[in-house]
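**Q** Sequence:
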Amino acid sequence: MSSTTTLSEAPRTTVAGGGSRPAVPIEVPALPRLAAIDIGTNSIRLVVAEVQPDASYRVLDQDREMTRLGRGLYSSGRLGDSPMEQSFQALGRMKAIADGFGVVELRAIATAAVREAANGREFVREAWRRHRVRIEVVTAEEEARLAFRSVTRHYDLDDQLTAIVDIGGGSAEVILAATGVVDQVVSLPLGAVRLSERYGKSDPLKPKHWKALRRAIDRTIKEAIGKPPFAAEVMIGSGGTFTNLVEMAQAERDGKITHTGDQTLSRAEISRLLDRLRETPLAARREIPGLNPQRADIIVAGVAVIARLARRLGTQRILVNDRGVRDGVLLAMIDDLPGIPPPTAARPQQSDRMESVRRFARKCHSNERHCEHVARLGAALFEALRDAFALPPAGADILRAAALLHDIGYLINHERHHKHAYHLIMHGDLRGFSAREVELIANVARYHRRAFPKKRHPNFARLDRGERRLVRRLAGILRVADGLDRTHGQAVTGLRCQVGDGWVRIRAVASRDPAIELEDATRKAGLFERAFRGEPMLQWSRPRARSSQRA
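Counting from 1, position 430 in the sequence shown corresponds to residue 456 in the working numbering; the numbering is continuous, with no gaps.
All the pointers check out, no bait thrown in.
Taking lysine-lysine and the DSS-like style, the derived pairs with C-alpha atoms no more than 25 Å apart in a straight line are:
(1) K237 - K227
(2) K480 - K253
(3) K234 - K248
(4) K481 - K253
(5) K248 - K237
(6) K253 - K237
Ranges between beta-carbon positions, derived for each pair:
(7) A144 - A122: 25 to 31 Å
(8) R151 - S460: 30 to 36 Å
(9) T290 - K480: 41 to 47 Å
Worth flagging that the hints you see were computed from the coordinates, not collected in a lab.
Built from N, CA and C at the ideal position, the CB exists for glycine as well.
Please model the entire structure based on the sequences and the hints provided.
**A** Next up, the structure:
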C-alpha cells in the first residue's frame, strides 16, 4: 500500500430531508504519481509509478496490448483503420487506469509507426479528441536517448565499451558508448514487424528468404555504422524481442522462467535459438516456452537483428534491460517535477558552463594539462585577433570548450580521434550550452586536425554561412594553439601577437627554443591562413623581465 494523506476538513454533503453528513474523505497521494505510455509499431505499453523521495519510483501498475498499429504500414504507407481502432481502445483503457491512480501527469510517446505514417498526425488528433491523450511523436534520436537514459540508471557503464540496442516493431535504435560516454547514435529501419512483413514470405523461412533477410540486415547495419569504432564488450538490449529471447533461454537452461536472476545471453546461445526459431513452423513456434504466442510471427526477424548486430559489433555478452523506453520517459518526467532538482537550472554562469566541460573531459580521460594549456594559448590568440576580425564575444567560450575537449576522441581510438570528438561532444550533455552552441563546439573540435571543413561534410553543411565562417576561424586558431604544445610539455608559456594587413606575427614565449612546437604549429597553420586571409609568422621570443611577463 502506498502512503496517503487525508484532508482534515472534509466537505459535507446535503442528503434528502435537509440534513447533512460528512462526505467520503478525499485521499490525496502523499507522493506524486506519474504514468507513461509507449505507443509502438507492435504494442502499446503503460506503466503507472509513484515517485519516491530519492527520485526513484515504485511501479503501481502496468498494462500492455499488442495492437499491431504498424500492420500494413510498410506496404501502404498508412496506419490501417482496424489497428488504429484497436489502439484507440487500448489508449482509452490505459488513460482510465492512470486516472484511477490519480496521476499528476501522463506522458504518451509514439515512435516509428506514427512517425513514418502519412496519417500519423490524424492518429494523434483522434487520440486527443476521443480520450484527451496528448501524444508526442518522438524522433529516432530522442527514442534512443530515452533507452540510453534507462540503461545508465540501472547499469554501471564506467569501465565498459557498450552497445545499447532497443528493438521495436518499426526500427532499431543503437547507441555506442565508451565508459558511459555516447560516441554514436544510429536509427536502423530494422524493426521486427517491418522486416517480417517484407521478408517473412514462407513458413518456416525457406533458405532463399532467410538469406535475403540476413543480407538486408547486414547491408543496413554496414551502411549506418560502417566500421565500428570499437568492439563492444557488452550489448544491453531492451524491447519485446530481447525479453522473449532471454525467457526462451531461461526455459531451455532451467526448465522455468523466473523474470529475475540471470538476464544474460551469450552470442552462441542467441545463434542456437535463432536457428531453432527459423526452422520451426509458426504453429509450433507459438508453443515454445518463454515465447509470447502473439510475437511468434515476428520473433525470427527480431532475433536475426540482434544476432547480426552482435556479430558486426564483436559482442559476445548480451544483457537484457526489461524496462526500456517507457522507463526513460518516467525518469525524464521525474526530473521535471517541482521539488526534484533539474539537471540544469536556468542558464548557468560561465564558470559553471566550463566546469561542465571539464567534468566531461575528465570522464573521457582527456590529458587535462595539455588541453588546459591549449585552451589558454587559444584564448590569447582569440583576444589578439578579436578586434581586427570582429570575432563575436560568444566565440571565446566556444573556442575554450572545443580546446578543452579536442582530444577526447582518444577514448575511442587514436586514428580518427578528431571525428570521434565530434560525436562525443554532440551527445555529451554539456550543461549550460544551447544545442547550437554544442554543435559549434563539436565542429571546432572536429576540425582541429587533418581535413579542412567542407560543405560536403554533413556536420558542417548543417551550419549557416556565418557559423561556418566562425568554425573555420576558431578551428584555425585551435590548430595553431595545439601545435604550440606539440610535446605536451607546456614549453610555450605565452604569446605576443601583432596583426597587420595580410599577416599575423605570433611570438611564442619560451625559456628555451621551442623548435618542435613552432614547426608543428607552422605545419598546421593552413586553415588559419585561409580563414584569416593572412600568413601567420611564428617566431620564438624569450620571456621579458618578471615584472612585465604576461602569460
